[in-house]
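Student: Here is what each chain is made of, one letter per residue.
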Amino acid sequence: MPDYLVRLVQMHESFRQAELQALADVAEVPIEFVKYDEESPFCIVRLPSDSAAKAVISRSLLSQGIYELWGQGATYDALHKSVNDVSSAKWAQYESVPFRFTLDCYRGTRDQTQQREIIESFSYLGFNGPIRMRDADASFKVFEEYGEKASEPKYMYLGRSVAASGRDAKTTYDLKKRHYISTTSMDAELALVTANMALAAPGKLFYDPFMGTGGFPIACAHFGAVVCGSDIDGRSIRGTGGSARKGQTGKFDVRGNFQQYGLESRYLGAFVSDLTNTPFRLLQHSNPASRGGYLDGIVCDPPYGIREGLKVLGSRDELNVQERATHKDRYREPGYIPPKKPYSFTAIQDDILAFAAATLVENGRLSMWMPTANDEDVELVIPTHPCLDIVSVCVQPFNKWSRRLLTYRRRTESEIPEGGLESVKKEYEKGVKADELNDFRRKYFEGFKEFERLRQEPGTDGANYKADDSKGVSGRWREKGGAN
Amino acid sequence: MKLLTLNFLTCAIKTCKTSPSSFPLHPRDAELEILETDINLPFLKNILPRLMWDELRTITSELGLPELPPAAPTREDLVEPGAQAAEGEEVEEQPSQTAKDLHRVLLETTVKEGKLACGNCGHEYKVMEGVPNFLLPGHLV
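As they're listed, the protein sequences go chains A and B.
Numbers 1 to 484, taken from the working numbering, label the letters of the first sequence in order.
Numbers 1 to 141, taken from the working numbering, label the letters of the second sequence in order.
No lab work stands behind these hints: they were computed from the structure.
Accuracy of the hints is not assured; some may be wrong.
[Said to hold, decoys possible] Computed footprint of chain B on chain A, listed as stretches where at least three residues anywhere in the stretch have a Cβ under 8 angstroms from a Cβ of chain B:
no., segment
1, 203 to 209
2, 223 to 237
3, 259 to 271
4, 312 to 319
[Said to hold, decoys possible] Covered stretches of chain B (in silico footprint by chain A; criterion: 3 or more residues with CB under 8 angstroms from a CB of chain A, positions within the stretch not fixed):
no., segment
5, 9 to 16
6, 46 to 55
7, 68 to 75
8, 131 to 139
Note that CB positions come from ideal geometry on N, CA and C, so glycine has one too.
Sequences and hints are given; from them, build the entire structure.
Tutor: Laid out in C-alpha cells, this is it:
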C-alpha cells in the first residue's frame, strides 16, 4: 500500500489519530499509521489507493489535506535523494499537466526569494506544463517542520495533493452563525469530530439523549445520518425558553436549526424524556423474543452538574400518601411540572452505558463526553459495560480541569462474556443534595478556591495564568495544560 | 415527530416495559401533518429489518392511513427493477412504489398534536407542537 502524508491541525492532538481511524472504519478501508507524533502536524499513513485516501480525509475535521508522499528527509539533500528514490517513476505522468507548486512551513517562515529558491530546486522533476495557482490539475507542496523557535527546518516532505479535508464544515456550523443555541452548546468543530468518532454516515440512525438545542444531532445529520433526540427540558426543544443570545427574541427552536442548514429531511424529531425513565424500547436479554438493537449510534454530552444541573425524574424525599394523591389528581392539568431530583454523576454514566447496550445494533457506537478533574488524570475512571468495548479516549484539557470523549463499540452477541450481563449492582453516592451526589461538581468548585489563592500570590502559577489568559479560550486549549 | 419514531417508543414506566401490550403506543386525537422530504433509500434499506411490522400496521390503521401490506417488504422490494447495468457501469438505484409509500408513512407523516397511550397501563403522553412529552408525574416514578 502506498504512503500518504496527512497534514493535521496542531490542536486537539489526542483526537487526531482516533478521528483518522474512525474515518477509515466508515470508509471500510484499512489504514496503517507509519509515523505519528502528538507534537507534529505531519503524519504518514498507508492506504490502499488515492480514492481510499480521499474517502478518509474528505470528512476529517482535524486535518487539512492528504498528499501522496513523494519524498522526505532531514535536509534538502536528503529530501532530493528521497524524491529521486521514491517517486522518479511518477514524474513523467505530470510532464505536461497544468500544475502548482507551493510551500507550507510549520512554525517557521520563508520570504518570497527563499520560497522561489526552494521551489526551483525541484526543477529536475521536469514539469513543463503551465503553472496555475488556481484549479491546477496537479498540486505539489513542500512541507517544512521547524523546532520551537528554530531558524532552520528539522524535517521536510514533498507531496502531491490528493484531497482536501472536510474542515470547512467547522465554519459552516460555527455557533456564532447558528440561529438557536444555548449556554452549553458544544463548539461546532468538536461536535463534528464526535459525529465522526461515532461513525455517523448516510443511511444510519443516530440519537442524542441530552440534545439541548440539537448540536450533536445536527453534526451527525451533516454526515448523512438520520437523527432524533430528547431532553428532559422540553423548552430547549420547542424553543419556548428563549434564546441564550443577548437581545434575541422571537421563536427559535431545534427544527429551525435543521432548516438553517437544509438538513430537515434527516431530522426525525425530538421528544421530552429522562434517560432513567426512557420511553425507548429496550432489548431484554432475559427474553429471547425481544429483537436486537436499532440505533446505529448514540452521541451525547450529558450535563456535568456545573453549568447544567444533573437532574432526573423523582422527588428528593419519598412522597407520602397524601402527596402521591395530589400528583395523581393534578398531573393532567396544563401547568403541571413533574418533580425532579439531583442525581449521582457516576450513576448517570452507567445508565448511559446500559441504555447504549440495550438499544445499539451490533458494532454500533456510543460517543460521550465526560469531565475529569486534571489532578485525577492519574487514575482515570472510565465507566465500562460487559456489552461495550472502549474504542478511544480523547482528552481536551482546560485550565483547571479537562474533559474527554469516550467512544465505545457495542459488542456482537457472541463477544459478550457468559454471565457478563448479570449486572453488577453498584453503590452510588448517597444523599439528596447535588454536592453530595457529584464528586466532580464538588472538586470543580473547590478548585476555584485554590485557584483564587494562587492568583493572590504573585510570581507563582497565578501570574502565569494571567499571561495565558491573553491567548483567549482557543489559545489556552492549544497550550496543553499550560496553566497548571 | 415523524411516525417512524413510534417504532422505537414504548411506555416510559419501567414496570410496563416487560409487558408486550406497552408496545406500540396508541395515538389518540392525533392531528397529522405531511412534511414532504426527499426520499432516502439507503436509510429505508438499513432500517427495514428493524421495523416491527405488525405493530406498525396497527398504528397506521388506528390513524386511518392507507393500509400497509400484511407482510413486511424485503430490501429488494424497495428498489425499482431497472435495466441491467452494463459491464463496469454503476446504475443508481431507483426507489420502487413500495419504497415511496413507506417513505410517505414513516418519514413524511408527522404527529403534530394529540396523545400517545400505553396499551398496558393506559397512561397518556401528550404531544405538543410535534414534541411528545414522556416525563412521568411524581406518583409514577
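Student: Determine for every hint whether it applies to the structure shown.
Tutor: Here is what the structure says about each hint:
Only when three residues or more bring their CB closer than 8 angstroms to a CB of chain B does the claim for the segment 203 to 209 of chain A stand; here the count is 3, and the claim holds. Beta-carbon proximity to chain B at under 8 angstroms applies to 6 residues in the segment 223 to 237 of chain A; the threshold of 3 is reached and the given coverage holds. Coverage of the segment 259 to 271 of chain A by chain B holds in this model, with 7 residues showing a Cβ closer than 8 angstroms to a Cβ of that chain against a need of three. Coverage of a stretch by a chain is defined here by at least three residues with a beta carbon nearer than 8 angstroms to that chain's beta carbons; for the segment 312 to 319 of chain A and chain B the count is 4, and the condition holds.
Coverage of the segment 9 to 16 of chain B by chain A holds [criterion: at least 3 residues with CB-CB distance below 8 angstroms; count 6]. With 4 residues carrying a beta carbon less than 8 angstroms from a beta carbon of chain A, the segment 46 to 55 of chain B meets the three-residue requirement, and the given coverage holds. With a cut-off of 8 angstroms between beta carbons, the segment 68 to 75 of chain B has 0 residues touching chain A; three or more are needed, and the interface restraint is violated. Remark: the segment 131 to 139 of chain B is confirmed as covered by chain A, as 9 of its residues place a Cβ nearer than 8 angstroms to a Cβ of that chain, reaching the required three.
The structure is inconsistent with hint 7 alone, although it conforms to all the rest.
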